[in-house]
Amino acid sequence: MKPTRSNLSPWIWAVYAVLLAISIPWYWPPEVGTIVLGMPLWAAVSVLGSAAMSLFTAWLFVKRWPEEDDDQA
Amino acid sequence: MNAIPFGTGGLVFIGLYLLSLVWIGWLGRQAREENSMRDHFLGGKGVGFFVLLLTLYATQYSGNTILGFSGKAYRSGFSWLASVHFMSAIVVTYLILAPKLFTLAKKHIFITPTDFLAHRFQHRGLNLLATLIMVAALLNFYLAQLTAMGRAVEGLTTLPPDVAFAWGVAVLAAIMLLYETLGGFRAVAWTDVIQGGILAVGFLVLLGLIFAEYGSLEVTTRKLAEIAPAKVLPPKAAEARNWLSYILLLGVGAALYPQAIQRIYAARSAKALRRSMAVMAFMPLTTALIAVLAGVTAAAHLAGKLDGVSSDGVIGVMMRQVQEQSAFGHGLVVLIFAAVLGAIMSTADSCLLSLSSMVTKDLYAGFVKPDASQESLTSLGKWISTIIVILLASFAIYMNSSGVKFTLVELLEMKFDMLLQIAPAFLIGIHWKGMRSGPVFAGMLIGLLFALSFFWVDDKSGTFMASLKTSGFHPGIWALALNTVIAVGGSLVMKGK
Chain A
1 MKPTRSNLSP
11 WIWAVYAVLL
21 AISIPWYWPP
31 EVGTIVLGMP
41 LWAAVSVLGS
51 AAMSLFTAWL
61 FVKRWPEEDD
71 DQA
Chain B
1001 MNAIPFGTGG
1011 LVFIGLYLLS
1021 LVWIGWLGRQ
1031 AREENSMRDH
1041 FLGGKGVGFF
1051 VLLLTLYATQ
1061 YSGNTILGFS
1071 GKAYRSGFSW
1081 LASVHFMSAI
1091 VVTYLILAPK
1101 LFTLAKKHIF
1111 ITPTDFLAHR
1121 FQHRGLNLLA
1131 TLIMVAALLN
1141 FYLAQLTAMG
1151 RAVEGLTTLP
1161 PDVAFAWGVA
1171 VLAAIMLLYE
1181 TLGGFRAVAW
1191 TDVIQGGILA
1201 VGFLVLLGLI
1211 FAEYGSLEVT
1221 TRKLAEIAPA
1231 KVLPPKAAEA
1241 RNWLSYILLL
1251 GVGAALYPQA
1261 IQRIYAARSA
1271 KALRRSMAVM
1281 AFMPLTTALI
1291 AVLAGVTAAA
1301 HLAGKLDGVS
1311 SDGVIGVMMR
1321 QVQEQSAFGH
1331 GLVVLIFAAV
1341 LGAIMSTADS
1351 CLLSLSSMVT
1361 KDLYAGFVKP
1371 DASQESLTSL
1381 GKWISTIIVI
1391 LLASFAIYMN
1401 SSGVKFTLVE
1411 LLEMKFDMLL
1421 QIAPAFLIGI
1431 HWKGMRSGPV
1441 FAGMLIGLLF
1451 ALSFFWVDDK
1461 SGTFMASLKT
1471 SGFHPGIWAL
1481 ALNTVIAVGG
1491 SLVMKGK
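Residue numbers (this note's numbering), protein chains in the order written: chain A, 1 to 73; chain B, 1001 to 1497.
Please note: incorrect hints may appear among the correct ones.
To be verified - Pairs of lysine-lysine residues, derived as BS3-like cross-links and limited to a Cα-Cα distance of at most 27 angstroms, are as follows:
1. A:K63 - B:K1495
2. B:K1305 - B:K1382
3. B:K1106 - A:K63
4. A:K63 - B:K1045
As the list claims (entries may be wrong) - Listed next, the stretches of chain A that the computed footprint assigns to chain B, with coverage defined by at least 3 CB atoms under 8 angstroms from CB atoms of chain B:
5. 21 to 29
6. 34 to 42
As the list claims (entries may be wrong) - Some but not every residue of chain A turned toward chain B, in silico, with C-beta under 10 angstroms:
7. P10
8. W11
9. M53
10. T57
11. F61
By construction, these hints were calculated from the structure, which means they are not laboratory data.
Here a beta-carbon is modelled for each residue, glycine too, at the ideal position from N, C-alpha and C.
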């Protein structure tokens, strides 16, 4: 059986890149802004981005773990 | 120890908790199947989901997470939310590494991380260099944990801080050494169940106590915006680059901690490992995030009230305030103190066992006496643990009393610049057949020297190196880029010949 590489597909890394781009607060104006969840908005967005990343990672571990693998390394 | 303002009940609880660790060490010794290195360093056939999850959790979340992260958030404010992301990135790195490494480890009976490199590259120079990098990084990490032990006690006692620090380090290091010497990996993993359990509960209690004592997070944020607005504002461009750098540096570096790699080896089944990793993906939100919120709360409500305690001791100072309010809070503070001890000791014991396995197997058996028996190597491993504890505990106490006070985050960063240089060998080497040992060795050595050379670069010298150093990216990241180009480029060139 051909070994799976499904947990390393390019689309997975594209999703991580998008989540990271949203989570890292590089695009906010230098002001405190609205307070959401007790935090400045930029911090709340960052925390929610991290939560999304956790969900995605857990899903990958549960559903995309390669069952078959060879000993090529 | 009587000076700890816990009262008899609190002291008895902490005492029983510490004694239970020694008892588990003894149980680990009783469960020993054979006097071999695999049994001592990896617990024989390995551990199932529940123990694996808690040992991964307790090992990964350390004194740095509670004390160092809250201290850093006290100093920098919300921008230290970067820590939540880099702790998540560690689990993401395991997506690349864990499935294949687990399969290989079971098939070829790996004990140390260098066993994988030896199997994959068959290059003695590479084995030696990688082992030395990991040993140096772990010695640094272990020193950070010993320092954290001292800090944990320092903030909670009425003794002079230096005296409390020395007692904290000496007593806790001795207990840890005792149970680890008795039961090896089993003792470490089983005590992690207690330590990880108390740690998880402790974090939640900490969050509740902070809100109860200092008001809602919104109150804190508004107060902080008034007294120190920089701690509430979003990071500037250079700081945002620094976030990305931290995510790469720690996300990849901490995934390559030898004790973390050895936990992949120690999983009893792929299913146990997969499920444990899935749960670990959520842990940054229940740990690092709470530590940051604690630090931010302290920044708003305790600014200028630390009375000589370093910023890494802010949790201790906050808990003392809570403790003075009510008997209920008093009991919960004892629980949090136990959680802090658990976090530190569970990371330190894993670190110590890993160190001793690498010095024994990779250095002594690998280069000095390849024909040594399993029994003599296991026994040597215990002696090595003892020597490391004595030397580094003394060093931590000396460093503290001599006034050289590194903060925990500084200690944390120093080792990652080195450790990151083993990443191409593991993360690329495990998937790409074409990777050759010579270029990997050259890349690792040059990357290491390049990373270390930044130490002597003056930030303001205006040179190319100074511009890299002040770019917002850690030196280890630049060194990793150079290392990867050499390792991959060199392999491609050799393949073409």
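Hints the structure violates: just list their numbers, smallest first.
Hint check: 1, 2, 7 and 8 fail, others pass.
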